[in-house]
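Chemist: Residue numbers (our numbering), protein chains in the order written: chain A, 1301 to 1431; chain B, 41 to 193.
FYI, nobody ran anything at the bench for these hints, they're computed from the structure.
Keep in mind that the hints are not guaranteed to be accurate.
[Said to hold, decoys possible] Here are a few chain A residues that sit away from chain B, every Cβ distance over 12 Å (derived from the structure):
id: 1; residue: 1332
id: 2; residue: 1365
id: 3; residue: 1376
id: 4; residue: 1377
id: 5; residue: 1383
id: 6; residue: 1396
id: 7; residue: 1399
id: 8; residue: 1429
[Stated by the list, open to error] Residues on chain A that point at chain B, a partial pick, calculated with CB under 7 Å:
id: 9; residue: 1320
id: 10; residue: 1322
id: 11; residue: 1326
id: 12; residue: 1327
id: 13; residue: 1329
id: 14; residue: 1330
id: 15; residue: 1331
id: 16; residue: 1408
Quick reminder that beta carbons are idealized off the backbone N, C-alpha and C, glycines included.
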Amino acid sequence: MRRAAATLAALALAATPALAVGLGPLSKSGVTDSERKGFFLTLINPYPAATPYRAYAVGADDETAQPRVRITPAEVTLGGRATRRILIVATGLRPGETYAFRVCAERADTAEGMIHARVCSHLSARRLPAA
Amino acid sequence: MRVIGLAISFAPLLALAAPAPAAEVTLRGSLLPSCILTLSTEGRLAASGDPTMMGSEEAGGNPALMAVVAVGATPTITFSAPVIEGPGGLDGGAQAQIRYTSLGGSNQPYTGTTSSSAQVRLLDTFTIHARIVSPNGFAAGNYAVRSTTTCEQ
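Isolated chain A, as found in the complex (with noise of 0.2 Å):
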């Protein structure tokens, strides 16, 4: 009995996948007047159990962090198989700036192992020029 207990916990264990995330859309762009934009992205957890994620901005083509991008929530724990949408907001657009950037999410309590995952979507917020 005890070893068909540990049977089957193995085999549940197997069956957990060691690491998943996923966002969506990969890309967005808008056009705001304002100095600031707003996207929303959907945040997905794969997994059967409730998995607590974080999402950072990057550069748009290398990892420098984005304090001008605020995310919320930037750090989230979603129920098995749910999704989320989180607000990501691009700030101190100037006039006829164009501010490009990624959005990356990713395990928060990321497991030890050869392989990190992430997903990261491409943002684009376009400020239209001073009149």
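Since the structure of chain A is provided, determine the placement of chain B on it from the hints.
Modeler: Below, chain B without anything else, positioned relative to chain A:
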């Protein structure tokens, strides 16, 4: 009187048996353009008969397996340059490398730099191997090779 009573009691049944008027049934759904990465198996490094190398292709090691599920458009999968985590006395000449193949046709030989694979299909599975080459051998301790995998367009 009895006949009328029977007729009244059968009337609801006849109404149920009559064919229903035609109705259209529509089931709708929508899919968000997105990418989901699922690492189903963690990789494992093992010692080699060659004292200057350890890797996932040695006896006792295993590769990492990662599924890509994209909706909407085929993404690009980028693997950052692998880095070594090891004991403090790790030889400075040690180098980490990864290689990967996918069911969709990606085939990257061992490399120590950033590499990427433009997907040609929405669903794919990657097999990822890693190794550490240390010309001066290894100190005792735990070792890991880590690479950040990014799904993006």
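Chemist: Hint by hint, where does the structure go against what was stated? Just the numbers, ascending.
Modeler: Checked against the structure, the hints that fail are numbers 5, 13, 14, 15 and 16, while the rest are satisfied.
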